[in-house]
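Got two chains here, each in a separate frame; can you build the complex from them with the hints?
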Amino acid sequence: MSMPAIRCDALSKTYRVPEREPGLWNAAKSLIHRRTRDVEAVQSVSFEVAPGEVVGFLGPNGAGKTTTLKMLSGLLNPSSGQVRVLDHEPFRRERGFLQQITLVMGNRNQMVWDLPVADSFARNRAIYRLQRTDFNETVAELTELLDLGELMAKPVRNLSLGERMKCEVAVALLHRPQILFLDEPTLGLDVTMQRRIRTFIAEYNQRVGATVLLTSHYMADVEALCKRVIVIHQGQLLFDGALVDLVQQFAPHKTIVVDLEREGLDLSGYADSVSVDGSRVTLLVPKSAAAQTTGRLLAELPVVDLTVEEPPIEEVIEQVFSQQHTST
Amino acid sequence: MSRGFGDIYLTLFGLELSVMFQYRAAVVIWLLGLVLQPVVYMVVWLRVAEAKGGKVGDFDAGSIVAYFLVMMLVNHATFTWHMFEMGWRVRSGFYNAILVQPLHPWHRDVLANVAYKVLALGVILPVAALLAWYFEPTLQPPLWAVAAFVPAVILAFFTRFLFEWALGLLAFWITDTSGLNNLYMAFILIFSGRLAPLDLLPPILQTIAAWSPFEWMVAFPVELLLGRLTPEQTMHGLAMQVLWIAIGFAVMQLTWVRASSRYSAVGA
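Heads up: the sequence lines are chains A and B, in that order.
1 is the number of the first residue of the first sequence in this note's numbering; add one for each residue after it.
1001 is the number of the first residue of the second sequence in this note's numbering; add one for each residue after it.
Isolated chain B (complex conformation) (with noise of 0.2 Å):
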């Protein structure tokens, strides 16, 4: 009984991929939903700059364009759901038979997600290409931000799912957790600059969006790849996010501990 993490992690991602391949339909209606969103804001905003003589800000349409499609990918690659899922999970007695097997759930839950992303790319990134021909973005990144966003966005999914899988946690104590979710999205949406670029925001927000973990979830690599960071921000935002990782891993331990020992394992 000597195997490693790694045949765990080939094995459930292999799993989560064939269970995803069953529900083709809701796969594409959810990647609709994420398209649609950055799509609308971007015309909105469009229109915004076209109405104040060709700027808002200081971004431009091709910026602008720029800005939400980037959004649209980084947001893919770092969007969970298992907040909206955990109040279920613990209604229904779930996690009953997934605490008696010697594997943390929230492995699962990365693969889970880990899967979903890697099969929905073969969409996103072509309905991505679509719009960036019809839209004609402005993107020129220096090649090490390109390389820096790589990590930029892997730091950031850690970021995003260790809170919001900490934040799901307290379906443990309230048991619904759709009305904490919808709290957290209009948070979500406005600090981590998906409904707007942070630099449009006022300073007041943008200081509590600089201060929270949410600008390090999706405004700080889009915003990197749209070139609009120095080494020095980019450096910046990596420490930022590593920090916040580290302070979401902890909150999710404890409060993992605190949840498990209220479990009332509900259902037979």
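So here's chain A without its partners, still in its complex pose (with noise of 0.2 Å):
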């Protein structure tokens, strides 16, 4: 088997914020007495990424993707455990680790904002080093990709937050790193950009078999790009495996639509939800029962369509939050 590309073995960080009441006497006391409480963002969270693979990294705002990432991009030290990213430990920062990976983060701008796109992409090849054939084919091969053409001219600050965004992934990967961080990659684009941005990085994760770890909000990304998920919540790991395999464990309900022949029938001893839309009828029944309710349904009453439908994963992955937020 060959060597993980990431593996993190019980990763940990602790940040110790400053901590007070609001209001002028109280920031005048915190002059004297500095109070401080340490906040767990990660806690003891232990997974491996193989060479090649897309992750989906998934958790609510808070969760502690931000910070792992950040410590497997060497960003943050870790307060205690163990990581390694290419057989590098990630915060030595050495030259040989940077020179292989990528970090994107989507609501920050890593580019020379008062300049156009095109000096942009020439500071990135004299820091990496890149030359100057190997630098020109790759931009042409991005420029096509993404559509960047008319851009390179435009200055940084004038160009729209999805442009931008095109920008940001293509000057993150002129060096072909082996290793991508896209910390909400999408994040305020339009659908259309999204799905762009989202074929890019599959193509690109074809052409160079590059590994990538992606954090995103939009399920459209996860469920396009990550065969795996792994899901943290509240610093801690919850799930590690196959999107398919969450769906089965979180999502206590399937979906049944029923288009009847008539309206008006009562479908209440079928389901505790029903909804009802003329002759369409959708009842939301225990995973359990989804296979009795359907025979039944099929053979009581005067069907014309019938479908069967896993929950959003927006829906299962709200479950496993407040699952374990009830369980806490």
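Rather than coming from a laboratory, the hints here were simulated on the basis of the structure.
Backbone N, C-alpha and C fix where the C-beta goes; we use that ideal spot for every residue, glycine too.
Any given hint might turn out to be false.
What the hints assert, rightly or not - Here are some chain A residues pointing at chain B (derived, C-beta under 7 Å): (1) S73; (2) N77; (3) G81; (4) R84; (5) L86; (6) R95; (7) L98; (8) Q99; (9) L103; (10) D114; (11) L115; (12) D119; (13) A126.
Pasting the structure below:
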């Protein structure tokens, strides 16, 4: 078995944050007695990612996703635990390590704000010490894939959010990194642009064989790109496995949509939750009862059409967090 | 992937210049501050000399003018702004993008400095010439002093840059460096000879200046070009600069290792 591209073992990060009550008097008091609180942003998280794998890293705001990505990319020094990325210890930030990774943060500009996009490309060519022929080849390829042609001469500050994100992704991949840490790469983008970025990431993964760890609040990103997901909540790992298994494990219901020959039939005996829209009835049934209910519906009612659906992934994730919240 | 630092430096230098071209007005306003301060001090000291019968210490009117004009140029060549900026960088998460790239951040700051200095020379040299024409300085350095002035200014720049960069790293602990910057400015104003030639300070302050890095950041190159130093004093000054650069570099590296390990990478 090949060595994992990313390996975390009991990885933890604790922040010490100042804390005080609001108001001038409390501000003055804090000058003399400074109160701090330890926040355990990531608690003993362990996982491995194989080379070439695309993994979704999911969790609500403040779950510890970005902190974990920052430890994996060498920005943050872990409080405890072990982390190896491409057999490097990220926090040492050795050139050999930084040459092989990239970190894209959806809400943060990493280009030269005042200058045309092409200048940011030139900057990265120099910093990553790329040969001009390789650089020109990569730029041509990225320009074509992401349709950057007209944007190259535009100052970064004049780009729209979608245009800027396309350029951010391109400039971050100029050195053809083997590991991509993508933190909300489609944040704030319209649906078309989200799809474009998603397609591009998938193509890059195929072409280069790069490992991708992706955080996103858009489940469409995760469904399109990731067979495997890691779910984290309040700094702790909740789930690590295939996306389909997550749905199996955490979705307690299935949705049955029935089109009937006529309106006005009472289906309340088939499920607790029933919504009616003309002759179309939607029933929410426990997963274990789905097959039996489907059989009864077909046998007992004038059914024109019937479909059984898994709940949307957003609902499943919500279910994961709400279950965890209840248990804590 | 095997291109050297020459390419990095040339490319980044060009980009820094391009950024500054975008902010021409800001560059000129900064320069006004740099020019006005020594001119004000010069006028004050000329008045003092006049009140004392034409001389203050062993400085007559011509040498006071020469002192502050050369000081203006040396201060321009050696000043940095990174200590002030460092607090903002830490608070805003600016370092997030920089630290994941394979280039130590101080290279960018050196280049930003050099780019600004080169660009601003186009303004500050004509201004210095105009002031020299109007105030008539007495400046007749020996040729060897002129030759030694160039490395002295370069070493002064690195002495000042390394100390101010290392001090700026305290932003990783105290977050806001504007107060520290102001305190530092008070020290450098007195002990680097910017407020007055060091010879005019009380002996105790002169001793402190000589044992601190400040004298070697500004006063030493200025006095060298004014022809006030012997070859022995010049060699001693250059040696002190090299010593303080070594100390500054070690302090900067140690502080950087500690600072970056406590970096909390604020902002997403």
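Do the hints match the structure? See the list:
1. S73: It holds, given that the least Cβ distance between S73 (chain A) and chain B is near 5 Å, below 7 Å.
2. N77: 5 Å, holds
3. G81: Violated, because the Cβ-Cβ distance from G81 (chain A) to chain B comes to roughly 15 Å (cut-off 7 Å).
4. R84: With Cβ-Cβ at 17 Å, over 7 Å, it is violated.
5. L86: 14 Å, violated
6. R95: 4 Å, holds
7. L98: 4 Å, holds
8. Q99: 6 Å, holds
9. L103: 5 Å, holds
10. D114: Where the cut-off is 7 Å and the nearest Cβ of chain B is about 5 Å from D114 (chain A), the hint holds.
11. L115: Hint on L115 (chain A): holds, closest Cβ of chain B at ~6 Å, below 7 Å.
12. D119: It holds, given that the least Cβ distance between D119 (chain A) and chain B is near 6 Å, below 7 Å.
13. A126: 4 Å, holds
When the structure is compared with the earlier hints, violations turn up for hints 3, 4, 5 and for no others.
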